[in-house]
Amino acid sequence: MPSLLSFRRAAGFLATACTLAASHVQAQDLLNQLETQTTDSLRREYVTATFKGTRVINGHSIETPGKGSMLFLISHRFGTLNSGAYEFFGLDQATIRLGLEYGLNDQLAVGIGRSSLEKTYDGFVKYKALRQSSGPRPMPVSVTLLATTAVSTLKFQPEPERSTTSRFTYSYQALLARKFSSNLSVQLMPTLIHRNYVDLRRDENNVYAIGAAGRQKLTKRLALTAEYYYLLPGNTADDYRNSLALGFDIETGGHVFQLHFTNSQGMIEKFFVPQTTGNFFDGDIYFGFNISRAFQLRSQE
Amino acid sequence: MKIKVFAVAVLLSCLPGLPSWAQSKFLTRTGSITFFSATPIEDIQAVNQQVGAAVDVASGQVAFTVPMKSFKFPKSLMQEHFNENYVESEKYPKATFSGKLVNWTAASLTPAGSQAVQVEGDLTIHGVTKRVRVPGTLEKQGNRLVVKSKFAVAPADYNIEIPLLVRNQIAKSVDVTVNLACEPTP
Chain A
21 MPSLLSFRRA AGFLATACTL AASHVQAQDL LNQLETQTTD SLRREYVTAT
71 FKGTRVINGH SIETPGKGSM LFLISHRFGT LNSGAYEFFG LDQATIRLGL
121 EYGLNDQLAV GIGRSSLEKT YDGFVKYKAL RQSSGPRPMP VSVTLLATTA
171 VSTLKFQPEP ERSTTSRFTY SYQALLARKF SSNLSVQLMP TLIHRNYVDL
221 RRDENNVYAI GAAGRQKLTK RLALTAEYYY LLPGNTADDY RNSLALGFDI
271 ETGGHVFQLH FTNSQGMIEK FFVPQTTGNF FDGDIYFGFN ISRAFQLRSQ
321 E
Chain B
6 MKIKVFAVAV LLSCLPGLPS WAQSKFLTRT GSITFFSATP IEDIQAVNQQ
56 VGAAVDVASG QVAFTVPMKS FKFPKSLMQE HFNENYVESE KYPKATFSGK
106 LVNWTAASLT PAGSQAVQVE GDLTIHGVTK RVRVPGTLEK QGNRLVVKSK
156 FAVAPADYNI EIPLLVRNQI AKSVDVTVNL ACEPTP
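Protein chains in written order, with this note's numbering: chain A, 21 to 321; chain B, 6 to 191.
Isolated chain B, as found in the complex (with noise of 0.2 angstroms):
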């Protein structure tokens, strides 16, 4: 008796997604990505409040998608031109990043302040994927976990194409600003 229910135990902890391991996961669905373009010209900045992205502090794991479309600028004809000409968002509606935290294991992450961290991955933007590699932080703070990176990204990379006239407002790197405050899911 004793043996079957320690199978069945075996058994069921096999099956993917149980609350055994899930302790170790974060979601968020309100994270926010800023990005900055500075030139001479002109300053833009846009900033994404509905930014989807999910921590595992076990695997080490890191998943993002930025539904493109949630991008505000102070300017709405600059919004309509991001989304209509150079991310093309009804073609490319989300970017994704699905990747690693470097040299992680389960017993990484310590209880308390903030600690270093490099992660690796597929970043895909404008329907492009790159490989790269970016630094950022983690904190535990109380039962959330705050995850915070910066990098830059440079549009040309990804195929997004800045007409003539325009390439001296728009800068030739962006700098993104990660900031997450993902909560313990199940």
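Here chain A stands alone, though its shape is the one from the complex (with noise of 0.2 angstroms):
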């Protein structure tokens, strides 16, 4: 059987040359196949580092401490740009605010501040409800909820002393962003502050308010961001300003600087929410500057 023979030969030949090629084939395929099993259609990502900081500049920012870490910021107002050279364009006076905050885990933060405005104690709590991801079943925004509380500590001139409940003020958000790309991130925040004393009776106790803010990254450390905060038609928003407020991020190592210009004075939500009263095409900016510090005092594990 000769045909055989040369048959199986001719096989064998063949084999050998389709193993051969096979094989180097395959070899380059090796990475490509390991990726293919190992896709990240099948991991959950989440979005991270959609704003810099815990504050885009006035307002809270999506962002919370990470788990076990412990934030201190100094927050820093000084006058209106429009006070004159005798006031040094507004350098000679200042409002500061210090606050820690802390990361119980990802999600769950907490925190307390001292604003020198109307020696306001403020404290909050913050949640991560919603985090933008990718992969299966991807989450297209961030929700993040805060509540805060703020009481104010001033000696009330003249006599008598009001309650003690009236010196409280209530503020609650939901912050919703979302990461469009590395460089861009654009944030709502829709808003109720509630006061449980108010001086005059067409003041509001109850006053809503829509935030919108943004982040556009320059270079890799540095970033241009925007904050502004409309007021619902009201005796609010016909007494008082919306909040505006424009700003730089740079970031060096642990730190965050926030440099930035605002009509607002106060660095909490009970200030510059409802009682803006700068008209920032006036002149009547503040030049402010928030630095924040994180200290891990927890490992992440």
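Just so you know, not all the hints are guaranteed correct.
[Claimed, not checked] Okay, derived cross-link-like pairs now, EDC-like style, lysine to aspartate or glutamate, Cα gap no bigger than 20 angstroms in a straight line: (1) 99/B with 219/A; (2) 96/B with 223/A; (3) 105/B with 55/A; (4) 96/B with 55/A; (5) 237/A with 48/B; (6) 148/A with 223/A; (7) 105/B with 49/A; (8) 80/B with 126/A; (9) 77/B with 65/A; (10) 240/A with 166/B; (11) 237/A with 166/B; (12) 240/A with 89/B; (13) 87/A with 127/B; (14) 148/A with 85/B; (15) 77/B with 126/A; (16) 99/B with 55/A; (17) 99/B with 65/A; (18) 80/B with 125/B; (19) 87/A with 89/B; (20) 240/A with 95/B; (21) 240/A with 85/B; (22) 135/B with 125/B; (23) 80/B with 65/A; (24) 237/A with 95/B; (25) 77/B with 48/B; (26) 240/A with 93/B; (27) 155/B with 144/B; (28) 237/A with 89/B.
[What the hints assert, rightly or not] Calculated Cβ distances over 10 angstroms to all of chain A for the following chain B residues: (29) 41; (30) 48; (31) 57; (32) 58; (33) 59; (34) 81.
Hints listed in this document are in silico derivations from the structure and should not be mistaken for laboratory results. We put the CB at the ideal spot given by N, CA and C, even for glycine.
Put the two chains together into one complex; each comes in its own frame, and the hints tell you how they fit.
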């Protein structure tokens, strides 16, 4: 059976050739194969660093300090630019807020602060309810819920002293944000401020506002930020102004510096949402900065 | 008839990915890579437990894929900086390696005990590909293949820019430790 033998020989040769060729192709494909078998579509990944800091400018961003991380925040606003050379364009005056924030886990954070304005203490709870993610069942936006309480400890003049409850103000925010690209993030902030006590009958106890904010990175460590709070129509909107702020985020290692210009003097919601009086385009602009420093108190693991 | 069956078998065996030589391939999706940066100011260590790796002991091919966002750091801010500023994980989500065991034949694998090997190939980090040659060990443990390797990577070689302010806190050369337990795969 010579024909069968030669066929076998040919087949054997063919098989060897095929194996060699295939092993070469296979060799090049090993990485591709590996990548298809470990494909990212199987892994849920949370979007991180939508904003650099826990504040956009005056108000909160969706970010919280990570688990076990403590942030020390120094926020500072000088006087208005249009106060003239005598006040050195506002630099002679300053209001300050010192704050501490701590991440109990990657979603829940608590914080306290003290503003020099009206000698106000504040505390807040912040919870990342939804986190923007990719992968299976992707989430298009991040939603962080914020509840804050502020208490003014000013000595009231004239007497008689008001009740303690009248010193309290509460604010509630739902922060909705989307990181559209590594450079651009946008945030919306429906806001309710409840004041237990207001001076005039005309003033509202409940003030509603909608905020919008954005961050556009210019370089890896420098970003342009903007923040605007629109007061919904009402007496507060008639008597006060919407808060506007423009600034820069500068990152250097463990610090984030935020430099900005705003028509609001206060650095907590109860001040900048319902009590902004400055006219930005008339030069009532407060120059200010926020500095935050992170300390890791507990390891992430 | 016999010839036809044989011919079909030969042709089938030419299709890649069939079980005939599949036994030679080992794969893991949960390999670990640790890197360690030591400076007088600060020691930084990060662990990634989601390394994908494949080793073909017949051809000597080795491949890695490393999801950069899966590196866990002790400090959350470090992790953010690593992803945002240094390796730019959104732009370059993975580091990969594709290479070959040096002087390897299908018979090289010893049935027991750890054996020292050299692997040479293309390492891609931060979008930059470099030809590297690193030492490692292979060990057959039951039906698993245990792969270990230790080598150094210089961030500067991969255009990973470190700002002046933290230059003293990040080592010029970072020690990378690879530890894989690969299962046989079809």
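Under the constraints set out in the numbered hints, which ones does this structure not fulfil? 1, 2, 5, 6, 13, 18, 31, 32, 33, 34
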